[in-house]
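A.B. asks: Here's the letter readout for the chains.
Protein chains: 2
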Amino acid sequence: MTLQLPIKRIGIVGGGQLARMLASPCATLQVPLTVLDPMAGSPAGLVATSEQIGSLHDPRALQALVEAVDVVSFDLENVGADTLSALADAGASILPHPDVLRLIQNKWDQKQHYLKHGIPTSACRRVDGSWASVEAFGVPCVQKAEVGGYDGRGVAIIENEADWQHRLPGDTFVEAYVANAIELGVMVCCRASGELVTYDPVEMVVDPELHLLKYLLAPARIAPDVAQQARALAAQTVASFNSPGLYGVELFLTVDGTLWVNEVAPRAHNSGHHTIEACVTSQFENQLRALLDLPLGSTTLRRSAVMLNLVGAPGYVGSPVIDGLVPLLSEPDVHVHLYGKQECRPGRKMGHITVLGDSTEELVAIAEDIAATVVIRGENRQ
Amino acid sequence: MTLQLPIKRIGIVGGGQLARMLASPCATLQVPLTVLDPMAGSPAGLVATSEQIGSLHDPRALQALVEAVDVVSFDLENVGADTLSALADAGASILPHPDVLRLIQNKWDQKQHYLKHGIPTSACRRVDGSWASVEAFGVPCVQKAEVGGYDGRGVAIIENEADWQHRLPGDTFVEAYVANAIELGVMVCCRASGELVTYDPVEMVVDPELHLLKYLLAPARIAPDVAQQARALAAQTVASFNSPGLYGVELFLTVDGTLWVNEVAPRAHNSGHHTIEACVTSQFENQLRALLDLPLGSTTLRRSAVMLNLVGAPGYVGSPVIDGLVPLLSEPDVHVHLYGKQECRPGRKMGHITVLGDSTEELVAIAEDIAATVVIRGENRQ
Chain A
0 MTLQLPIKRI GIVGGGQLAR MLASPCATLQ VPLTVLDPMA GSPAGLVATS
50 EQIGSLHDPR ALQALVEAVD VVSFDLENVG ADTLSALADA GASILPHPDV
100 LRLIQNKWDQ KQHYLKHGIP TSACRRVDGS WASVEAFGVP CVQKAEVGGY
150 DGRGVAIIEN EADWQHRLPG DTFVEAYVAN AIELGVMVCC RASGELVTYD
200 PVEMVVDPEL HLLKYLLAPA RIAPDVAQQA RALAAQTVAS FNSPGLYGVE
250 LFLTVDGTLW VNEVAPRAHN SGHHTIEACV TSQFENQLRA LLDLPLGSTT
300 LRRSAVMLNL VGAPGYVGSP VIDGLVPLLS EPDVHVHLYG KQECRPGRKM
350 GHITVLGDST EELVAIAEDI AATVVIRGEN RQ
Chain B
0 MTLQLPIKRI GIVGGGQLAR MLASPCATLQ VPLTVLDPMA GSPAGLVATS
50 EQIGSLHDPR ALQALVEAVD VVSFDLENVG ADTLSALADA GASILPHPDV
100 LRLIQNKWDQ KQHYLKHGIP TSACRRVDGS WASVEAFGVP CVQKAEVGGY
150 DGRGVAIIEN EADWQHRLPG DTFVEAYVAN AIELGVMVCC RASGELVTYD
200 PVEMVVDPEL HLLKYLLAPA RIAPDVAQQA RALAAQTVAS FNSPGLYGVE
250 LFLTVDGTLW VNEVAPRAHN SGHHTIEACV TSQFENQLRA LLDLPLGSTT
300 LRRSAVMLNL VGAPGYVGSP VIDGLVPLLS EPDVHVHLYG KQECRPGRKM
350 GHITVLGDST EELVAIAEDI AATVVIRGEN RQ
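Sequence order for the protein chains is A and B.
Mapping of the first sequence onto numbering that gives the first Met the number 0: residues 0 to 381, in sequence order.
Mapping of the second sequence onto numbering that gives the first Met the number 0: residues 0 to 381, in sequence order.
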């Protein structure tokens, strides 16, 4: 088969760090990348072949992107899915299909999809707003906004009536709180031909007090047969969407050994960042291959890895400054990624660090050390 | 130490594939990259933060680049070294120092430098143009243009008087032909602090009839102590230039086990392309770290590798098309790089392929198979 170069032109709705990291395999395979973002100079806009400026919900902006490229995908869920669905119906190549995006945008609909397809997930219920209805469901429970949640926003843990009085506004539902579960992430990629690959499950280590991700371990500290089950369940979940693309599947492994699907992101995912250095083929290269309908690459994990997000430190805003970077670079197999964001704010994801090694114990110690010494923050006190 | 982001802005004279591959670590470390090239849409210009259009010898274009960034380097030797030297003398940060570039631009001067510093290299002599003077030096020998050689141009093998009658024009010299030598390449990187790292020697496997590189093997098929000597000699050679940066050192290993320095390139080099996937830190990331004066990364080779250049097939010109790519992508640990060149011509470097594996024998077989099945060419017959 003779392929004309470039093979295809790719467009991404959203110019964040996920689209930015896709730019590297795009350059490697000579694939022009256009990103749509509301702001010029977005993380991906800075490194893409071209950027278009516009709202991610503006039908004209989305149409302009679709017309400028051959295949479109997205780097976040909060985009104009109705417009994208209409464009796909009119023949545009948008992967995963915007109907999947629309389903996933609504967490209640997503849960119903899992229940309908026999995919194990925690119990859930819409409640009428009264504390009695929540108590009847059972506490502790998790309240979730049906739409718009992201990076821990739109999720609240409800343990008692006082929590419920400060509950999330808008359309929400409650689901069972999975106590002491291990949080796993499995990246899954599939292409139009039906070829589907899964990556080794990673373990998300969460700070028990702050409920924030501390670091991610690859592979997860679970038995091989459980890892196999997690990959199979993630594959089944993605297959249920029936649309090619890259997906991040979040799972709970409960204390009694049951696997539950928590949520799915129909895009590159934070829990796959280590794949850039740790795997034969990164999540971003496989995402690109799926968009181009090329054979998918091996997901083999070369070495164990730990990945920490670099998030803006509290109390500071402004242009980013970083402490602790220089000594870190002297360590072997430490890989620093900075996202090019021009403004640092508390809690904002500014980059990540991946460390490869031979033992999980060693990597955990390194991660704790990095967390204690590397600080990214704005240059001004808030 | 608190670092402001971006750490520094980098400028590269020349927008070819070497600058293009530097763009990836630049993006990863949030380093703005500007390239100067005579043509808009050069391989690196397509993926850099910004491109400047101008001759690589034009003092005004070089000065504009120096003024737009914090540190300048180059991705080829054929650039305006006198102008760059003057800019460096006036305080611009240009690495390696343009005086090194100027020395290396002239292959005769380069040889004299090695002789002066006690670095083993093959015998050489300027001859007076008569066949008698060549015969007195000894044949077979290699005639080399003093300036302007590149990718096999400016080099001729002289075996007899007929060859000499078709000799290279201009200022040239002859050097001893090193029969049946193994050609080795060692990448060396050093930073201002004095820290210096070397990569494992690679072996350049040359087609004995066409005198063209067939593929490159990492590590080279040589004894560990010889590999150690090659690294030490390459380090000594680079140290003799006394200027930070990335260098590609080409060596001959003669049949009697002697190592000779052939030539040095003061930049990223074809013989380091495999380091992108095969080493903990790629030649490009270490080049960037050297330009930023940050600690250099580990050069450890993770797995054995073979690297083939994808060069334009004879008989065709025009927009590039490629055969044999799709089945190749199904193979594990195969990494395809395309350089974004919009015009394919016979012999033009259009990309490269790196394959990682556990045994050299297996990799050689794969390389032969790829060479027989993957063809890149222009879309039109010449």
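No lab work stands behind these hints, which were simulated from the structure alone.
Misleading hints may appear alongside valid ones.
[Said to hold, decoys possible] In silico SDA-like links for lysine to any residue, alpha-carbon gap of 20 Å or less: (1) B:Lys348 - A:Pro5; (2) B:Lys115 - B:Thr257; (3) B:Lys348 - B:Lys7; (4) A:Lys7 - B:Thr257; (5) B:Lys7 - A:Pro5; (6) B:Lys213 - B:Glu66.
[Claimed, not checked] On the chain A side, residues computed to face chain B include the following (Cβ under 10 Å): (7) Leu28; (8) Phe251; (9) Val254; (10) Thr257; (11) Leu293; (12) Val310; (13) Pro313; (14) Val316; (15) Leu324.
Computed from a predicted model, the values in this text were never measured in an experiment.
From the three backbone atoms N, C-alpha and C, an ideal C-beta is built for every residue, glycine too.
A.B. asks: Look at each hint and say if it fits the structure.
C.D. replies: Hints, one by one, checked against the model:
1. B:Lys348 - A:Pro5: 16 Å, holds
2. B:Lys115 - B:Thr257: 19 Å, holds
3. B:Lys348 - B:Lys7: This hinted pair is violated, its Cα atoms lying about 30 Å apart.
4. A:Lys7 - B:Thr257: Cα-Cα ~50 Å, so violated.
5. B:Lys7 - A:Pro5: Cα-Cα ~32 Å, so violated.
6. B:Lys213 - B:Glu66: With Cα atoms ~41 Å apart, Lys213 (chain B) and Glu66 (chain B) exceed 20 Å; violated.
7. Leu28: 6 Å, holds
8. Phe251: Hint violated; Phe251 (chain A) Cβ to chain B Cβ min 32 Å, cut 10 Å.
9. Val254: It is violated, given that the least Cβ distance between Val254 (chain A) and chain B is near 37 Å, above 10 Å.
10. Thr257: Because about 33 Å separates Thr257 (chain A) from the closest Cβ in chain B, which is outside the 10 Å limit, the hint is violated.
11. Leu293: Result: holds, 5 Å to nearest chain B Cβ.
12. Val310: 15 Å, violated
13. Pro313: 17 Å, violated
14. Val316: This interface hint is violated because 14 Å lies over the 10 Å limit.
15. Leu324: 6 Å, holds
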